[in-house]
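Student: Work out the full structure: start from the sequences and follow the hints.
These protein sequence lines map, in sequence, to chains F and S. Be aware that the first sequence starts at 12, since it is given in our numbering, and climbs by one per residue. Be aware that the second sequence starts at 616, since it is given in our numbering, and climbs by one per residue.
Read the hints as simulated data drawn from the structure, not as lab findings. You may find that some hints are simply not true.
[Unchecked claim] Derived SDA-like pairs: lysine to any residue, alpha-carbon spacing no greater than 20 Å straight-line:
1. F:Lys47 x F:Thr122
2. F:Lys102 x S:Asp721
3. S:Lys741 x F:Thr89
[What the hints assert, rightly or not] With beta-carbon atoms standing in for the labels, derived distance ranges:
4. S:Asn673 x F:Leu28: 30 to 40 Å
5. S:Gln811 x F:Arg14: 51 to 61 Å
6. S:Asn620 x F:Asp199: 16 to 26 Å
7. F:Leu185 x S:Gly838: 52 to 62 Å
8. S:Gln836 x F:Val186: 32 to 42 Å
9. S:Lys742 x F:Arg14: 18 to 28 Å
10. S:Asp721 x F:Gly31: 27 to 37 Å
11. F:Met178 x S:Glu821: 25 to 35 Å
12. S:Lys742 x F:Pro213: 23 to 33 Å
13. S:Gly838 x F:His259: 41 to 51 Å
14. S:Asp642 x F:Leu212: 50 to 60 Å
15. S:Lys741 x F:Ala160: 41 to 51 Å
Built from N, CA and C at the ideal position, the CB exists for glycine as well.
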Amino acid sequence: MKRFLRLLRKDLQASLLPMGFLSGITIILMFLIRFKISTGSWPVEASLAAVAIPLVFLPLWLLWQSFQTLRSEWREDTVYTLLVLPVPGWKVMLAKLSAIWVEYTGLLAVTVIGTLLFFAPLVQEAMQVVPSVAWLVRNGLLLYLVSLATLASVVIFVQLAFIVGKMVGRLQGLVAIWTLILSGWLVDKLGVLLEPLFRWLPTLPVHRLFRLEELRQGIVVEWNLAPEIGTWLGILAMLVLTSYLFEHYVEVNG
Amino acid sequence: MNTTNHALVVRDLKKKYPKVEALKGVDLTLPQGEIWGLLGPNGSGKSTLLKCIIGLVNPDGGEIEILGSAPSRQTKAQIAFVPEVENLYRWMTIRQAIDFTATFYDDWDEARVPGLLQFMGLDATKKVSSLSKGMRARLKLILALARKAPLILLDEPFSGIDPASRDRIVEGIVRQFKSEEQTMVISTHAVGDTEQLFDAVVFLDEGTINLQGNAEDLRRQYGKSINDLFKEVFA
Chain F
12 MKRFLRLLRK DLQASLLPMG FLSGITIILM FLIRFKISTG SWPVEASLAA
62 VAIPLVFLPL WLLWQSFQTL RSEWREDTVY TLLVLPVPGW KVMLAKLSAI
112 WVEYTGLLAV TVIGTLLFFA PLVQEAMQVV PSVAWLVRNG LLLYLVSLAT
162 LASVVIFVQL AFIVGKMVGR LQGLVAIWTL ILSGWLVDKL GVLLEPLFRW
212 LPTLPVHRLF RLEELRQGIV VEWNLAPEIG TWLGILAMLV LTSYLFEHYV
262 EVNG
Chain S
616 MNTTNHALVV RDLKKKYPKV EALKGVDLTL PQGEIWGLLG PNGSGKSTLL
666 KCIIGLVNPD GGEIEILGSA PSRQTKAQIA FVPEVENLYR WMTIRQAIDF
716 TATFYDDWDE ARVPGLLQFM GLDATKKVSS LSKGMRARLK LILALARKAP
766 LILLDEPFSG IDPASRDRIV EGIVRQFKSE EQTMVISTHA VGDTEQLFDA
816 VVFLDEGTIN LQGNAEDLRR QYGKSINDLF KEVFA
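Tutor: What follows is the structure, encoded as structure tokens:
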């Protein structure tokens with residue numbers, strides 16, 4: 012655990028600069044929008060859409076960051092340090108994934124706090140639509156957990172694509188892109204293939220989990236888990252494969 | 616053959632890169648407790664050989680035995696490796712780099728660190744990015760010598776380094792090396808005044824070994840220093 016935490020700390024410290032930069036940009040953007048609203052230069056609706064801009068770019072940035080965190084190890088030759096460490100590959104990969112999770116959480120927190128600080132009256136107005144603050148917090152946390160899982164799957168695919176790309180001498184970028192496409196397709200097919208094995212699972216009552224009846228009576232949303240289980244097993248297999256390739260097959264630049 | 620008394624055994628090791636055959640069937644047996652010089656010009660395969668041993672590149676053929684075992688995560692823990700490239704995280708301070716390395720090795724001897732820092736003339740609060748090339752080379756050596764690793768691999772530790780740093784590194788190696796429990800391999804393409812370090816040498820040229828043996832025996836046999844022999848072989 013100590014070694015995993017040290018790797019995580021290293022990855023977090025390495026991303027402090029881009030994190031600080033993005034957080035700063037988000038706060039400045041919010042401040043600017045708040046200013047425009049107060050002077051009446053921008054309509055409220057357009058301003059609210061502008062607040063969402065950082066959130067729209069967040070997935071793209073995280074995708075880039077999950078690629079960049081591995082690329083920088085090769086570019087700066089620190090992979091010479093990483094590959095000689097007597098630690099299993101999954102600790103290295105999981106530390107990088109966890110660092111992305113922390114970065115995502117940090118940026119989300121900056122956006123939420125910024126929204127509460129700069130747009131308090133608008134937030135209060137919006138609160139009248141939701142049943143209660145507790146309901147909003149609960150559903151917010153649930154959505155946050157779902158987004159963490161989605162983010163993990165994307166990071167795992169990117170990591171696999173990067174590592175496979177590094178295993179070939181030429182056309183590394185092309186090989187990485189094809190690995191990304193093929194692994195996505197494979198995992199999707201695996202979900203379909205394994206679906207009959209998990210049909211015994213009950214459907215997940217999403218409306219109950221998110222307490223949607225408090226919002227409007229009669230809403231029924233259910234989630235068939237059977238194909239999801241196969242897909243997630245496939246994603247887990249991708250993580251294991253990436254870790255194995257990292258520890259045993261990937262090389263430093265010749 | 617019983618190889619358990621050997622620090623390192625390499626048999627018929629081959630490695631081919633897309634444009635060059637770096638190792639063409641290298642055979643090497645290193646007994647424990649000696650400092651070996653792995654000598655050869657640039658591109659002779661020295662770095663590739665060391666990278667194969669530590670697991671940074673995968674050989675295309677042959678076998679490697681480290682302290683009687685095949686390369687694995689366990690053997691990585693027994694090797695202290697100093698690469699030729701700048702492998703340090705530049706945003707770290709010297710202290711952070713030391714703490715980071717110490718976390719991963721059970722043979723880390725923290726008691727050695729203050730003495731090594733003082734001897735190498737490094738301030739632990741300084742950032743790696745602010746150090747000169749010579750200072751970074753000294754730091755890399757500290758990270759290797761602060762361990763009680765049975766096998767130490769130094770890849771071109773004197774390359775591009777000022778004479779003052781080189782002398783300090785040589786002296787540091789002499790002071791810290793424990794012959795009763797350690798074996799060291801130092802690769803270099805410039806023998807010069809470092810030949811005093813070596814108990815034995817291997818001459819590597821274009822992926823093959825063309826001379827190896829005890830340094831003193833070679834001096835006696837050829838009637839010249841290792842440095843002169845190196846110049847003659849690779850002229």
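Student: Looking back at the numbered hints, which does the structure fail to meet, lowest number first?
Tutor: 5, 6, 8 and 12
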